[in-house]
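Please model the complete structure; the sequences and the hints are all you need to start from.
There are 2 protein chains.
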Amino acid sequence: MTPAKIQFKRPTLLLDRRKCLDNIRMMAEKAARHNVIFRPHFKTHQSADIADWFREFGTDRITVSSVRMAEYFAIHGWNDITIAFPVNLAELKEISVLASTITLNLLVESTDVVKKLTHTLQHPVGIFVKIDAGYHRTGIDVSHHFQILDLISFIDSKKNLQFKGLIAHNGHTYHQNSSLAILDIHNQSLAMLRKLKTFLAKNGINPILSIGDTPALSLTENLDGVDEIRPGNFVFYDLMQHKMGVCTFNQIAVVMACPVVALHPERLEVVFYGGAVHLSKEYVNSKNNKMSFGEVVLLNENGWSEPIPDTYVCSLSQEHGIIRTEPEYFHYFIPGTFIGVVPVHSCLVASMVPHIVTLEGKQLMTMSCDFKP
Amino acid sequence: MTPAKIQFKRPTLLLDRRKCLDNIRMMAEKAARHNVIFRPHFKTHQSADIADWFREFGTDRITVSSVRMAEYFAIHGWNDITIAFPVNLAELKEISVLASTITLNLLVESTDVVKKLTHTLQHPVGIFVKIDAGYHRTGIDVSHHFQILDLISFIDSKKNLQFKGLIAHNGHTYHQNSSLAILDIHNQSLAMLRKLKTFLAKNGINPILSIGDTPALSLTENLDGVDEIRPGNFVFYDLMQHKMGVCTFNQIAVVMACPVVALHPERLEVVFYGGAVHLSKEYVNSKNNKMSFGEVVLLNENGWSEPIPDTYVCSLSQEHGIIRTEPEYFHYFIPGTFIGVVPVHSCLVASMVPHIVTLEGKQLMTMSCDFKP
Numbered sequence: 001m002t003p004a005k006i007q008f009k010r011p012t013l014l015l016d017r018r019k020c021l022d023n024i025r026m027m028a029e030k031a032a033r034h035n036v037i038f039r040p041h042f043k044t045h046q047s048a049d050i051a052d053w054f055r056e057f058g059t060d061r062i063t064v065s066s067v068r069m070a071e072y073f074a075i076h077g078w079n080d081i082t083i084a085f086p087v088n089l090a091e092l093k094e095i096s097v098l099a100s101t102i103t104l105n106l107l108v109e110s111t112d113v114v115k116k117l118t119h120t121l122q123h124p125v126g127i128f129v130k131i132d133a134g135y136h137r138t139g140i141d142v143s144h145h146f147q148i149l150d151l152i153s154f155i156d157s158k159k160n161l162q163f164k165g166l167i168a169h170n171g172h173t174y175h176q177n178s179s180l181a182i183l184d185i186h187n188q189s190l191a192m193l194r195k196l197k198t199f200l201a202k203n204g205i206n207p208i209l210s211i212g213d214t215p216a217l218s219l220t221e222n223l224d225g226v227d228e229i230r231p232g233n234f235v236f237y238d239l240m241q242h243k244m245g246v247c248t249f250n251q252i253a254v255v256m257a258c259p260v261v262a263l264h265p266e267r268l269e270v271v272f273y274g275g276a277v278h279l280s281k282e283y284v285n286s287k288n289n290k291m292s293f294g295e296v297v298l299l300n301e302n303g304w305s306e307p308i309p310d311t312y313v314c315s316l317s318q319e320h321g322i323i324r325t326e327p328e329y330f331h332y333f334i335p336g337t338f339i340g341v342v343p344v345h346s347c348l349v350a351s352m353v354p355h356i357v358t359l360e361g362k363q364l365m366t367m368s369c370d371f372k373p
Numbered sequence: 001m002t003p004a005k006i007q008f009k010r011p012t013l014l015l016d017r018r019k020c021l022d023n024i025r026m027m028a029e030k031a032a033r034h035n036v037i038f039r040p041h042f043k044t045h046q047s048a049d050i051a052d053w054f055r056e057f058g059t060d061r062i063t064v065s066s067v068r069m070a071e072y073f074a075i076h077g078w079n080d081i082t083i084a085f086p087v088n089l090a091e092l093k094e095i096s097v098l099a100s101t102i103t104l105n106l107l108v109e110s111t112d113v114v115k116k117l118t119h120t121l122q123h124p125v126g127i128f129v130k131i132d133a134g135y136h137r138t139g140i141d142v143s144h145h146f147q148i149l150d151l152i153s154f155i156d157s158k159k160n161l162q163f164k165g166l167i168a169h170n171g172h173t174y175h176q177n178s179s180l181a182i183l184d185i186h187n188q189s190l191a192m193l194r195k196l197k198t199f200l201a202k203n204g205i206n207p208i209l210s211i212g213d214t215p216a217l218s219l220t221e222n223l224d225g226v227d228e229i230r231p232g233n234f235v236f237y238d239l240m241q242h243k244m245g246v247c248t249f250n251q252i253a254v255v256m257a258c259p260v261v262a263l264h265p266e267r268l269e270v271v272f273y274g275g276a277v278h279l280s281k282e283y284v285n286s287k288n289n290k291m292s293f294g295e296v297v298l299l300n301e302n303g304w305s306e307p308i309p310d311t312y313v314c315s316l317s318q319e320h321g322i323i324r325t326e327p328e329y330f331h332y333f334i335p336g337t338f339i340g341v342v343p344v345h346s347c348l349v350a351s352m353v354p355h356i357v358t359l360e361g362k363q364l365m366t367m368s369c370d371f372k373p
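One line per chain: the protein sequences are A and B, in this order.
Each residue of the first sequence is one higher than the one before, starting from 1 at the first, in our numbering.
Each residue of the second sequence is one higher than the one before, starting from 1 at the first, in our numbering.
Treat the hints with caution; some may be incorrect.
[What the hints assert, rightly or not] Simulated coverage check for chain A against chain B, where a stretch passes if three residues somewhere in it have a Cβ under 8 Å from a Cβ of chain B: (1) 14-24; (2) 77-87; (3) 120-127; (4) 149-156; (5) 332-338.
[Stated by the list, open to error] Subject to a maximum C-alpha distance of 20 Å in a straight line, what follows is the list of computed PhoX-like cross-link-like pairs (lysine-lysine): (6) A:Lys116 to B:Lys9; (7) A:Lys93 to B:Lys9; (8) A:Lys159 to A:Lys116; (9) A:Lys202 to A:Lys159; (10) A:Lys9 to B:Lys116; (11) B:Lys30 to B:Lys19; (12) B:Lys30 to B:Lys93; (13) B:Lys159 to B:Lys115; (14) A:Lys19 to A:Lys243; (15) A:Lys9 to B:Lys362; (16) B:Lys362 to B:Lys19; (17) A:Lys243 to A:Lys202.
Just so you know, these hints were derived from the structure itself, not from any lab.
Please read these numbers as outputs of a predicted model, since none were measured by experiment.
Every residue, glycine too, gets a C-beta built ideally from N, C-alpha and C.
See below:
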């Protein structure tokens, strides 16, 4: 049994629109409740159709992770976009064109990049200073108050650059095992960011503070000092978020429908069509502490079931996936039928597949399908 | 300095055509020397242009890993194709259409699939029986002689199904740490496969034996009993193959050119534009036993350098990569310029990027760019 109206042939990313809308509503309402700007990160879905669903909740400002993605959403009518990625100087020309047509915000963390931007840009752009509040991927250390103040002053002195605020992303929440650990990171980072804001205020600068990360923003009600939130993954959620206690299983809005192609009852394994090119090599730990590349569900008329117990994707090669299960569930798997794999990391999965298909059978527009360079 | 004539903007998969041609020649000559059929696996490059380069070496039979890929190469003039993947019954219609236009070979391992094939197909297809010679991913155990004999007899009795031979793939060679371990697997597996051939010969069946896997086929000169080889990865090679002792560094024919976007000298880290969506999450162990998602080279007019010592990609998120290096090499990294990342697994990388670009600046046709469903 598979969702109505869908003619599956190959691995297909299935989206439960109702769950997705609930996720969007939940986060939009949280932003409204705390009176912060909701600027969702669209790198997770990269779909002009799903983007439109956000409009119903009043969203008119978005975040993306590349110039190319900004171009895609600009074409689809989004005119206030933050590219939450260090400026790629090789794309200054494209950035300049974008800045002439939409409200564009960029991230910087060095004077060198500021100089090159002001030298090239013919139209104003908003500038966020990237702050490292503990993740240590990019940004200026949150405790380096004077360095940050100097950079802001430098930006303010430059033509076409309008300093807008501070931007932080606590990506290390993704590496935690519990919701408590995530909230600890969030609260500590927020305390340091507020301290920075206080310091800047004493120097006459009152920037907005924009923070990211789905794990913390799903769990917390502490947005003290925050002016804008940029979560992305929550639109779909995934197994990784579920394992961390960030979402319930029922909030996960996507599964990969995969054809069963061979059975190996002697080792309780099922071979399916669906590999690293569909599901990525991200993994979580299974119950027995093995690498799990996804949990497994049965597809039905209304979507999909709870996970089949003690059953997981134990191995992925380029196009093959292997499920390990238990004797009592083996009869679920029949070559020629489809099973669902709950992805470990939905952002990677969605960026790799050409299509996303709703349970109603609608094929959604995506950047990878409609906008390949 | 970057290869001549190329205007980089974003992460770009660069191909050294000369190295690639040398790799193709090396394997084609090995096949000729041993008088075996050369049926290269095209899932690694998925490019109609690179496919054409094989024609210069007399290649006219190929292997692919999906029906879709068979359709792509059939359109580009390849008319003898083996789909080295268990039959996906959801694509029987597409398989039937293909079988009407080209010589198509399929893999089976069960009577159920044979029944469904013969019931549907209107045109003859060649059938290989998938043998598991130790990898334990798919196939019938090589020691189950009578089960294999029964399946072959069953196939032979069916309309439109022409039994062609035995097919094996020792994918577990990819998990070895040394060339000796790879050759051990190869030799043991080949001994078992020859035993199976001898058994079948006594029963009046003389199938061809087709084997896969780049690691063993790169290293061995023992093809005793083998009739056909289907290596794929050798066309590009990659860091994983190099670490296993399968190829030299100079045989690796691809690197991902990536823009440097931020510097963090305080932790000897370089941020570049290039993430899991470009490089996949495959890793090898670095010198200091950390996860390495790639080694790093300097791009130059003729291609790229040897790897920068003690320097590796220590982390990848969706679009960001982080390089860890040493003080004496830090000056190599300048925002706005490009560095090269040697991919861990070239098959995954090539399947994720829209383009492959040669050092001469030619953008090659690929399935993901020209043939998305």
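Evaluated hints:
1. Using a Cβ-Cβ cut-off of 8 Å, 0 residues of the stretch 14-24 of chain A lie near chain B, which falls short of the minimum of three, so the contact claim is violated.
2. For the stretch 77-87 of chain A, the stated coverage by chain B holds: 3 residues have a C-beta nearer than 8 Å to a C-beta of that chain, and at least 3 were required.
3. Here the stretch 120-127 of chain A counts 0 residues with a CB under 8 Å from a CB of chain B, which misses the bar of 3, and the coverage is violated.
4. Look at the stretch 149-156 of chain A against chain B: 0 of its residues bring a Cβ nearer than 8 Å to a Cβ of that chain, fewer than three, so the hint is violated.
5. With a threshold of 8 Å between beta carbons, the proposed coverage of the stretch 332-338 of chain A by chain B holds, since 3 of its residues qualify and at least three are required.
6. A hinted pair counts as satisfied when its Cα atoms are at most 20 Å apart, and A:Lys116 with B:Lys9 qualifies at roughly 16 Å.
7. For the given pair, A:Lys93 sits about 10 Å from B:Lys9 by alpha-carbon distance, which is consistent with the 20 Å threshold.
8. For the given pair, A:Lys159 sits about 11 Å from A:Lys116 by alpha-carbon distance, which is consistent with the 20 Å threshold.
9. A hinted pair counts as satisfied when its Cα atoms are at most 20 Å apart, and A:Lys202 with A:Lys159 does not qualify at roughly 25 Å.
10. Using a Cα cut-off of 20 Å, the hinted pair A:Lys9 and B:Lys116 holds, with the two alpha carbons roughly 16 Å apart.
11. Using a Cα cut-off of 20 Å, the hinted pair B:Lys30 and B:Lys19 holds, with the two alpha carbons roughly 17 Å apart.
12. The hinted pair formed by B:Lys30 and B:Lys93 fails the criterion: a straight-line CA distance of about 37 Å is larger than 20 Å.
13. Pair hint B:Lys159 plus B:Lys115 holds up; C-alpha atoms about 10 Å apart against a cutoff of 20 Å.
14. For the given pair, A:Lys19 sits about 18 Å from A:Lys243 by alpha-carbon distance, which is consistent with the 20 Å threshold.
15. For the hint pairing A:Lys9 with B:Lys362, the CA-to-CA distance comes to about 34 Å; that exceeds 20 Å, so the pair is violated.
16. Using a Cα cut-off of 20 Å, the hinted pair B:Lys362 and B:Lys19 holds, with the two alpha carbons roughly 15 Å apart.
17. The straight-line distance between the Cα atoms of A:Lys243 and A:Lys202 is roughly 42 Å, outside the 20 Å bound, and the hint therefore fails.
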